[in-house]
Structure formats: C-alpha cells, structure tokens
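Here is how the chains run, residue by residue.
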Amino acid sequence: MKRLRGRTWFVLLFTLLLLAGTLVLVWQYFTQGREWASFSANSHLFTKGRIATGAITDRNGVLLYDGPSGDYAEDKTTRTATLHAVGDQYGNIATGAKLLFKQYMAAYNPVTGTGSEGNTVALTIDAELNAAALRALDGRNGTVAVYNYNTGEILCMVSAPTFDPYDSQQVLEAVNAGDTRYNGVYLNHFFSAAFTPGSTFKLVTTAAALDKLNSAADFSFTCTGSLELEGGTITCPSVHGAQDLSDALANSCNCAFAQLAVELGGETLLRYTKDAGLLDSVEMNGIFSAKGSFTPSSNPSELGWSGVGQYTNLVNPCSELVFLGCIAGEGSAKTPTLLKSVTTSLGLPGAFLSTGDSSIAYKPSTCRMLKQMMRRNVTDHYGQEQFGTLPVCAKSGTAEVGPDVSPHAWFVGFVDDPAHPYAFVVLVENGGWGSSVAGSVAAEVLTQLCRED
Amino acid sequence: MNVALFSTLSDGVQKLLLRLLSFLAEENPLTGAVGGIAAGICRLLLPLLGFLVVVRCARSLLQGKLEHETWGWLSTREGKHTELDHWEVLIGRSRRCDVVYSDRTVSRNHAALIRDHRGAWTLYPLRSKNPVTLNGRVVLQPTPIQSGAVLGFGAVQAAFRPISPTEEAEQARRRTRPGKVFSPGVTLLLLSLFQALLCATLVNVVDPDYGQAVLFAFGVLLASMWVVYALYRILRRTGFEIETLAFFLTTLCFTVTADSAPSALYKQTITMVLGLVLFFALSMVLRDVDLAAKLRWPAAAGAGILLAFNLLLGQRLFGAKNWMVIGPVSFQPSELVKVAFVLVGAATLDRMFTRRNLIGTLVFSAFCVGSLALMSDFGTALVFFVAFLAIAFLRSGDLPSVAFMTAAAVFAGMLVLRFKPYVASRFSVYRHVWEDPSGLGYQQTRTLSALASGGLFGQGLGNGWLKKIGAANTDLVFGVIGEELGLILALLAVSVIVLLALFTVKSAATGRSSFYVIAACTTAMIFLMQTMLNVFGSTDLLPLTGVTFPFVSVGGSSMLSCWCLLAYIKAVDTRQNAGIAVRLPKRNPKPDPENAPNAPSPFPEPPGMGDATQRWNGEGFGAQVHIHREEDVP
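Which chain is which? The protein sequence lines are A and B, in order.
Start counting the first sequence at 1; every next residue gets the next number (our numbering).
Start counting the second sequence at 454; every next residue gets the next number (our numbering).
I should point out that these hints are in silico values taken from the structure, not numbers from a laboratory.
Every residue gets a Cβ at the ideal spot worked out from N, C-alpha and C, and that includes glycine.
Please note that the accuracy of each hint is not assured.
[To be verified] Have a look at the derived ranges for each label pair, beta carbon to beta carbon:
# : chain 1 : residue 1 : chain 2 : residue 2 : range
1 : A       : Ser116    : B       : Ile494    : 12 to 20 Å
2 : A       : Asn92     : B       : Ser881    : 25 to 33 Å
3 : B       : Leu501    : A       : Ile287    : 39 to 47 Å
4 : A       : Gln32     : B       : Gly892    : 14 to 22 Å
5 : A       : Gly286    : B       : Asp662    : 42 to 50 Å
6 : A       : Ser116    : B       : Gly850    : 55 to 63 Å
7 : A       : Ile287    : B       : Gly850    : 53 to 61 Å
8 : A       : Glu283    : B       : Ile723    : 57 to 65 Å
9 : B       : Ala625    : A       : Trp9      : 25 to 33 Å
Could you build all of it, start to finish, from the sequences and the hints given here?
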C-alpha cells in the first residue's frame, strides 16, 4: 500500500494542472474581461451587433452618438464631418469610435461585470472644427487632420467622400450598386490609405542632403527648367535659376531635388524615408494605419522622380502627420489618439488613459534646419498673411497622379508655437495646385482652431 | 386519508406557494423597492452561501491528520513489531514495502498478506528468491493463515497476529468521527438555504408553465438530500461532506436546467434519484472487495456490449455519434461505461503482480477508447485514455511505459487529425477564437463574453443569453453559471472537483485495499479531466471537445454516472463511520474461536490495542528450509 500511495502524485499532478489552468483563466478574466464583454454578440451591451449603451461626444461635450437610442449628432454637417471618427450605422468604418471604443462605452468592471448604464466616451476631436474643415473641402475628396504634437490629441479628422450616417442604408445600396461617387467612402483617407506625396516628400530628401552632403551649406544649383538624367528628363513648371538648398525647397525645384536624389543614391533616400516613419504603420488606439512605400530605383531618372515625391512613392497622411509633429518636436512627439476621456454614469473616470510617444531617427539639428526652411517657405512663398500671426512652418505638394486628372494638392506643416502646438495635413484629391488649394484649406482650419484657443 | 384528497391538498399547497413567490417578485409598490434590494442581497448571498458550504466541506475533509487503522501485527523473534495498517500488506526488503525486513535473504517484494472483509487473512508468495514459509512449510500458493502462524521470509521469521473483533470494536470507538468540528447538519442547512433562494428566484424567471416543475425538482432535491442525511444518521454514519459537495453541484445543475431547458427538469430529477439509489447499491457492493472484483467481468462484458451496440446503432445527436435511443429514452452509453471502466481497471494487490490481469485491462481500455474515437467522441475518448494512464501507472508504477503510451496516443491523435478534418478544424481555431467569432470560435468567444459580463456575482438568474446557444447547458455550462450566477460560483464548482481529488489523494494513505485506492484515484482523474476539458475547452485554454462538467452539465446519463462514480471515492474514505461503502465492526463482538490463542509462543507479544482483553500467545515453528544467503547466489 505504501508503494501505491507513492504513486498517487499522478492524480495530484492533474489536480495542479486544473488549478493552474483555472488561475490562468482568472488572470485572463481580469486582464481581458473588458474586451471579452465588448464582443458585439454580447446582448447585454449590443442590439443586433450595434452598441446599445454609452455615448460618444466631441472634446467639448457635443453629443456625436447615443448608444441606447442609436442617435447621432443633431447637426447634419457635424454628423457628416465626424462620420469617420464615429462610424456609420453598420460598422463599416474601421476607425469609428463605435468600434474602436466599444469597450469603453460599455460600463464594465471585473467585479460586477457589465452594467446597464453605459459610459460617455469623449473624443479628442472638435466637432465644429471638423465641420469647418468639411466646409473648406467644399465637396472635394481628401482629408484634413490636425493634432496637438505635445499631447497627441487629434483635434480635426475629416475624410471625404463622406455621408450622413443616417443615410447609411442608401449609401450601402449605392456602394453595392457601384456608384462611383462613393468610391472608398468607408475608408478613412487620413488613416487607412496612402497617396503620392509629391513635393511634400522633398522634406525627406532635404533632410538626407543636410546630413549626407558636406556641401549642403553651400549647395547651389542652377535650374534651367529641365534636367537630363539617364533614362529621362526631370522638369520644373518654371525656370528657378540659381538657388541654394533653402531656395530650392521654397521653390520646390524638381530639378534640384532630382539632382540631390541622384547624388544621395536610392538606399540613402530609402533609409531617410524609413527613419521618418513614413514606411511604418502608426498605431492609434489599437489600430494600425496604412503603410507608405518607397522603391529605390537604379535608373537615375526614376530615382530623380522619387526624390521629388513622384515615381512609386506613397505616403499615409497619418504617418506624415506624426513625421511633422516630430520635426516640430525636434525628433519626438506624442502618438496620435482619438480618445480624450471616459466617464461613467456616476461621473467618475471609467478608464485610465495614457498616450504613447513617437519619434523619428532624425538629428535634432536636422529637424531645426528643416523647421527654419519650412518657416521660410511660408514667409517667402505661401504668404504669412493667410495665417495671421501664427508662426506656421509648411511644405506644399502637387502630386501628379495620372495623365488626364488634376494633381493631388497637399499642404502639410505645423505651428511652431508652444501656445498652439499643432501639426496638420491637408490633402485635396485632384484639387490642383498644392499651396493655393490645400494651403487655403489649412489656413481656414488653423485660423478657426486658434481663434478658439 | 385517501389518495385523491392528498393529491388535491398537495396541489393546493403548491399553488399557494407559487402565488406567494410570484407576489414577492411582482413589481407592485410594496415589493418594488424591497424587491430591488432583495435581488441585490440575493446576488451577494448566493456566492456567500456557496462559499460557506464548500469551505466547511473542504476544512472538514482536508484538515486534521489521518488516523491509521491497525489490522494486525507481525512480530519477529528479536521483538520488532510491525503494525499491519491496511488490508493489503506488502512484505519485503524494499523501503517502499509496508513491512520492511532489511535482511539480505529477503527479496525486494517477498510476500503479501491480504485480509478480506470478513477478517480472514491470506498469505501470497511473490516469486521471491528465497521461499516463503508458513509454520515451517514452504508455501507456493496463496494460503489462508490463522492467528499465531509463523511466517518465514528468507531468514526472517515473524509471528502473525490479527486484530481481534473486540480490539476492532475498541479501535473504532477510539478513532475520531468526521463531522465533529464541522457539523454536517449545519452545512446541509446552508446548502438548503442556497437551494431555497435559487428556487424562489427561478420560479419567477421561468415560463409560468414550468413553475411546478421547478418546485418539484428543487423539492425532490431538498428532500432526497435530507433523507440521505437521515439515513446516514440512522446507520451511524457522519461523513457527509462528499455527498454535500455532490448535492451542491447537482443544485447548480438543476438551476441551469430550470433556466435553460425547464422541460428537462423531470428527467434530471429522476436520474438524480436513480443515481442516488445506484450510489447506495454500488457502495454496498464495494464493502466486499471480492464481490466487487468478481463483478469486474460482467461489468466489462456489459460495457463492451453497450459500446458495441452504440457503435453499430448509435445516433448522431450533437456532432458525435455517441447517443442511443431506445423508445422514449435517449442516453449516452459512454457515461455508464465510465463506471464499469473504473471497476475493471481497479485491482487488489495480489493481482497487481500478475501480468495477465494488466493485459486484460489494456485490451478493454483499448476497446473503449477505440470505440469512442470511432464515434467521433474524442473528448470522452481522451478522458478514458487519461483514466487508463492513471490505472496503468498506479498498478505498475512504470513511468517510462506511461510516457511511451502517451507518446503513442499523441501519434495516434496526429493520425486522427490527418484523416478527420472535422477534428483538425477545431484545432485550427485553438488560441485564435477571436479571429473566427462567427465560425469555429462561435462557442468559445460567446462563453468568454458571457463570463466577463457576469462579473463576480452574475447578471442574475434569467438574465443571461449564453444558454440560448445549442448545448450550452452541457458544453458551456461554466460560462452559463458565470454569466447568471457569477464567476465566484463558477469557480466554486471547479474547486469542488479539486477538493474531491485532493481528498482522494489524502485518503489513499489509509485506503484499505489497492482496489479502493485505484478506483478512487481513477474516478478523481475522470472528474479532473472532464472538468479541464469542459472549462478550459469552452474558454479556449484547450481545444473545445464537448465533454460534460461532472454533476453540473445538464444530462441524465452524466448525472447517473457521476453519482455512481462518487461511490468509489467514498470507498477510500476510511475515516471512522464516514460512509456506507465501508463496513463498521460489530459493536459487541463475540470472541472469535478461529483466532483464539492456542499455545505459548517463543515470540514476544505485540503491544495490542492497549487495554484490549484478548492477548495473543500463539506458538511458532522453527524454519526447516534451506535459506540462500545473497552471497550463495551465483
């Protein structure tokens, strides 16, 4: 019997396995319970897959979505302008708060489980600013985004084409019927798409030139309106004459930057694109942005075109925004977030939030040089008057996207002012000339924002 | 009183009760405010009561030292007395024998002494190098021995003296009875309160048509609990913790049944009563090891036929083809086969040394596991396989063989995965259920979500949705309880299984026969394995296989087999007067003439039971056989 008793550890082993597994389960219950509870099949919180608890407001408390009733904001322009931040009725928009923050909208704690009274989720966006941005886009497709690079809060995030969420049914039918007006309507153009960057990419080429070329300080280039490279010709819209690096950036001289690209080489440009974070996804509130792309060509003319932001280059507006924030922050900035606060029905904080940090692998001195040059772009070329007294640093871009269509108009930059620490990206698809078309949208949005400050 | 009047009366009482209960829960001004608070208190009270019941049983079962029983003595000429504290005693040189003689002429396992339930002892020689002698004559076959017999193991001689009936009664009088510190009646009262709370809530939650069914089920549950308890009191049995824990789990089962499939309440109640009857019957059988051992053959044959029929004529009700339908009754033979499987696998000490016996068990196990695999019931097949591993290891102690068999099973499992895409697909989603929440991760994601929604105290009975999923009340029962009654009660259900296993391991030290220890350990393994597969399968810590949670999962066959299996655990519980699976000694025994001393002995007397009246002074015989010293052996 003693021998047999000595073998009963076998049973003890399985008892311990059961105990250990139960501990793991309890651990997961406490760490992942909120996500489990916010599963759309959980009818304590969802009705037919729609979150039926809690509310979403903008940063100032303007109601954007009410869970129990399923109502959106009262004002139609606000509803339309915040569609990609809030989400449609059917959960077709991946960046919508209805999907992103359902676990915060649901009143949940591991002790009492889910509660019937939901939480209020305040987004970082400003509903009025979004409406203003949508009005400024004036029916054109594109995206307008502004974020505070010191806190990470996204104040404006508009993506077009868009629609009134109350029209979700009609739009779904139109999309299914192949209506071209709604091409990419469920895609957040700020977060989930990548576009040809055009001249805004010259910031990367400039940074590489500042670091890699000893002659950058006394770089000079005489633009004759075209540059013959092996395999093709680079052209400028006008003849820029003799310029230094800062002039070339301000003039957005294609010939000068193609020349620089060839001198720097494809691998260097690739590294500087990667170092800028433009080839990686940005993680925002648990979802990942689309990635950009850069192909280092061995053909000098193709390499030249990629140095001016054409060829196969693609940039995601969100990573561009983080890149700009990092230039303003001389190497680092906060990661963008849409979530400002979570408040329970009793008015207590419903979650502890923190924002992450982003950084680029550019030297602070390089960032400062870029900043100076971008500031000069505004004062000497784009016109300070449209921005009032705001010290805006910017770069425009006019990205050729096809032989028979208007180019994409870009205007990207930031305000170099601790009182107004904003970075912005404006893209007007097929809008035409960058600085005039996208620049005026940026000016309208920034003026409205800083008036509120 | 005539029958008609009685039934009218009982009907009236039932209706009155129902009306009272529904009034208390109605949204009327009087009870509105009170009801809200009452519901809140109820949500806290249920886990608290459950916790008290389980903790009281746990402390009663696991606290305190085990008291060994003495069944006799072996005394050498040099005055070394060894207590025989089991019904099966292994004698040899090995330190892990029960009686150790570290003489070189004694083999590692030299001989065994086995007592039957009537108190008769038999000497078993175990192929030792040097002979076993009884009163000077070499013994080659199992031979009955009497008090005063002198046994020779190699050069060692020892006089044997069993405990006398008077001493046995004295020993029983002196040993501590369970239930002294934690009164089983109080624990049962707490459990009754727990049941009453659940019943009162359920009556208001279920479809009014089933109000009577709920009252019936909980009434029978409560009554049978107290009837069993009264029966135990009458039979002077005081160990009621294991039964209380089983009733606790059964209560959870009835609650889930009432909440998810109230029409099944009658069936569930009847199978519980039937299970209790079988529990008693099997307990009575287990008092007598020889009888239990004889039943192994019919049990194996019955189980074999049942499985064979199942294989040929089985119905595919939920995925696996493991159902049999006979007229209005549908059941799962595999559940009943478990009871036979344990019986077939268990073995007394003497049989553990014969290879033929192990091979028989091996063939039977292979048949069971194979049949279940053919029925696509891989979860149950796995439960049987692990139970078999436990039997094999407990009987042989041969870890490499167990490891080898596990490896073989893993290999066979891989082959199954290769050829049965239905099983492989379940594995493909394992640990990735959230990637396919509407497909293969359907049940797991919903279980987790419902579990999280319930919190520690649950959303309240009737407020859950997980139960609406097919077979949720068996396969996902952990989540169903977690959602409506809270994580605490769900975990308490798991802890009951842990407790049963821990108690089995603890009691193994005082188990009278290997038969009981192996049977109880195998039962514990079956319970443990089923709980793991059920709880972890539904929460994605293991692949989902659809195995029942012992006692808790809704289902007649499962309820029946669990109560039967419980008898095996009771048979290893040798605390004094603990249960009916262990026979009590006669209170006022007559002196036993067979064991009476006959002549003075050259051996020193064993200490006996202190002031026991009867003393042994039997005579020994000198050894007349040649003893090989170890150095003699080439």
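Here is what the structure says about each hint:
no. : hint                               : in the structure
1   : Ser116/A with Ile494/B: 12 to 20 Å : holds, 19 Å
2   : Asn92/A with Ser881/B: 25 to 33 Å  : holds, 28 Å
3   : Leu501/B with Ile287/A: 39 to 47 Å : holds, 43 Å
4   : Gln32/A with Gly892/B: 14 to 22 Å  : holds, 21 Å
5   : Gly286/A with Asp662/B: 42 to 50 Å : holds, 47 Å
6   : Ser116/A with Gly850/B: 55 to 63 Å : holds, 58 Å
7   : Ile287/A with Gly850/B: 53 to 61 Å : holds, 56 Å
8   : Glu283/A with Ile723/B: 57 to 65 Å : holds, 58 Å
9   : Ala625/B with Trp9/A: 25 to 33 Å   : holds, 31 Å
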